[in-house]
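Let's have the full structure, built from the sequences with the hints guiding it.
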Amino acid sequence: MINGTQILNNKVCATSDYTELYRIREFVMDRAEKFGFSTEDASKVGLAVDEACTNIIRHSFKFDKSKKFCVQVDTNSNFFIINISDNGIPFNPMSVPEVDMNDYRKQLKRGGLGIHIIRNVMDEIEYIPSSGGDSMNLLTLKKSLI
Amino acid sequence: MPGKEQFNIVTKTNEDVDCLHLKGYLDAHTAPELEDAISGIINTGRKKILINFSNLDYISSAGLGVFMAFIEELRDKGGDLKMSDMKPKVFSVFDLLGFPMLFEIFKEEKSAIEKFKEMA
Chain U
1 MINGTQILNN KVCATSDYTE LYRIREFVMD RAEKFGFSTE DASKVGLAVD EACTNIIRHS
61 FKFDKSKKFC VQVDTNSNFF IINISDNGIP FNPMSVPEVD MNDYRKQLKR GGLGIHIIRN
121 VMDEIEYIPS SGGDSMNLLT LKKSLI
Chain C
1001 MPGKEQFNIV TKTNEDVDCL HLKGYLDAHT APELEDAISG IINTGRKKIL INFSNLDYIS
1061 SAGLGVFMAF IEELRDKGGD LKMSDMKPKV FSVFDLLGFP MLFEIFKEEK SAIEKFKEMA
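In the order they appear, the protein sequences are chains U and C.
Residues in the first sequence are numbered consecutively from 1, following the numbering used here.
Residues in the second sequence are numbered consecutively from 1001, following the numbering used here.
To be clear, the hints were calculated from the coordinates, so they are not data collected in a lab.
In this text, a Cβ means the ideal position worked out from N, Cα and C, and glycines have one as well.
Check each hint, because a few of them may be wrong.
Selected chain C positions facing chain U (in silico; Cβ < 8 Å) [said to hold, decoys possible]: (1) Ser1039; (2) Ser1092; (3) Val1093.
Straight-line Cα separation of at most 20 Å, DMTMM-like style, residue types lysine to aspartate or glutamate; simulated pairs [what the hints assert, rightly or not]: (4) C:Lys1089 x U:Glu26; (5) C:Lys1089 x U:Asp30; (6) C:Lys1089 x C:Glu1118.
Below, the structure written as structure tokens:
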């Protein structure tokens, strides 16, 4: 356990604090490179996970540092799979309308780009909200090597 | 070594251009430091800001959002925010969002400074 971040072989659990983003990214990028992604692609996967975790800290936990969430990495022959679980307020990133980047740039808006990045970097995104009780919200991100 | 020690800014002045040299990782945790730095420059009445990315290894949407927050104000005042010396992995994030259409990005700081000097 280092600064609230507990890292196991394929799982990292962190407190709901932006200071944890660095360690989560490093963990995911390391596992993505070991799976076979180039450094640049592994960095993009780390970026997508960073954006997802930033949303959880902000929207699901409202910056409550007493809360924790976990990022688990799994692989099969084709996919690098990241499962992010939390017990905060359900926030389905897929429910956010897609950003029209032409309009976005014209309007010089700020924010809302994280989900656009996740959609662009990852091949599959699935969200299952908590069904109550001890069940967790689960965001699954998948990226193929090919 | 998590935290704000993962990011720092060195500010240098070249005539009427403020050059911010970023180092480390720019994410939701460290973006407020950059926001404060740019805001501080604008509050002194200066309006030409160059961001040098040569030592920046990572940027997320929180970092990009800082530039979006100030670009309109700077241009309305007759200034600008230009960028230089991006590593490919940082440029790829800008490119992913089409931001090279929005910001002038130069290979070298010198070229950006020269472009600023062409401005009134």
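Those earlier numbered hints the structure runs against, lowest number first = 1 and 6
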